[in-house]
Amino acid sequence: EPEVTQTPSHQVTQMGQEVILRCVPISNHLYFYWYRQILGQKVEFLVSFYNNEISEKSEIFDDQFSVERPDGSNFTLKIRSTKLEDSAMYFCASSERGTGSGANVLTFGAGSRLTVL
Amino acid sequence: AQSVTQLGSHVSVSEGALVLLRCNYSSSVPPYLFWYVQYPNQGLQLLLKYTSAATLVKGINGFEAEFKKSETSFHLTKPSAHMSDAAEYFCAVSLTGGFKTIFGAGTRLFVKA
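Protein chains in written order, with our numbering: chain L, 1 to 117; chain V, 1001 to 1113.
These aren't lab readings, by the way, just hints derived from the structure by calculation. Note that the structure is predicted; figures quoted are calculated from it, not measured. The C-beta atom is built at its ideal place from N, Cα and C for all residues, glycine as well. It is possible that some hints are incorrect.
[As the list claims (entries may be wrong)] Below, a list of computed lysine-lysine pairs in the DSS-like style, where the Cα atoms sit at most 25 Å apart:
id	chain 1	residue 1	chain 2	residue 2
1	V	Lys1068	V	Lys1049
2	V	Lys1068	L	Lys78
3	L	Lys78	L	Lys57
4	L	Lys42	L	Lys83
5	L	Lys57	L	Lys83
6	L	Lys57	V	Lys1049
7	V	Lys1049	L	Lys78
8	V	Lys1069	V	Lys1058
9	V	Lys1058	V	Lys1068
[What the hints assert, rightly or not] Here are some of the chain V residues that sit facing chain L, going by a computed Cβ distance under 8 Å:
id	residue
10	Ser1026
11	Val1029
12	Tyr1032
13	Gln1042
14	Gly1043
15	Lys1049
16	Phe1090
17	Ser1094
18	Phe1099
19	Gly1104
Using the sequences and the hints, build the whole thing.
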């Protein structure tokens, strides 16, 4: 069964360092997403990406965050200068279609746990 | 704006007992509603979805959910819990024309032998 893969599974970094989290979405999916889950809290939407541009982003997704689809298969989330409060599990997801064409079912990766010291 | 509230961060049931996980939503337009499950060290997996076709929705692993517009609820049930059902369950909502799915805080289900 097709799956979304994420790397690394766990990354530890120092505050102020740049981090790149990588995702390989399902190959025929067109919509890509990043969510995060701070320990013990809800899964929060960060950003959606379609047709090589951001389609929607949350207030969490400020200037220190960026996303890119550099080569047609990878989808990356970059955090420019990490803060302690960025420590969380980051989930990548993809979907075949957006909600404009019916219910938008997300397929999630297993997550990348980011620990900022 | 749409939102989801899950009542109870933890639910504990005995094996073979009824599972009931509660979800209420808030939306200004008819929503799409989902239940996802997360097993340890894994991503979220779709259990079932409501798309306005039928109010009672059946999902995988014997779970089902009923959409009740008058109560703005979408509670998840399973008649008989199994040890393998122990996981975290998330209710979620999305809207036509939008790109984001909003998740509830999750309910961790414990199943006792």
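| Which hints, by number, does the structure contradict? | 2, 7, 10 and 11
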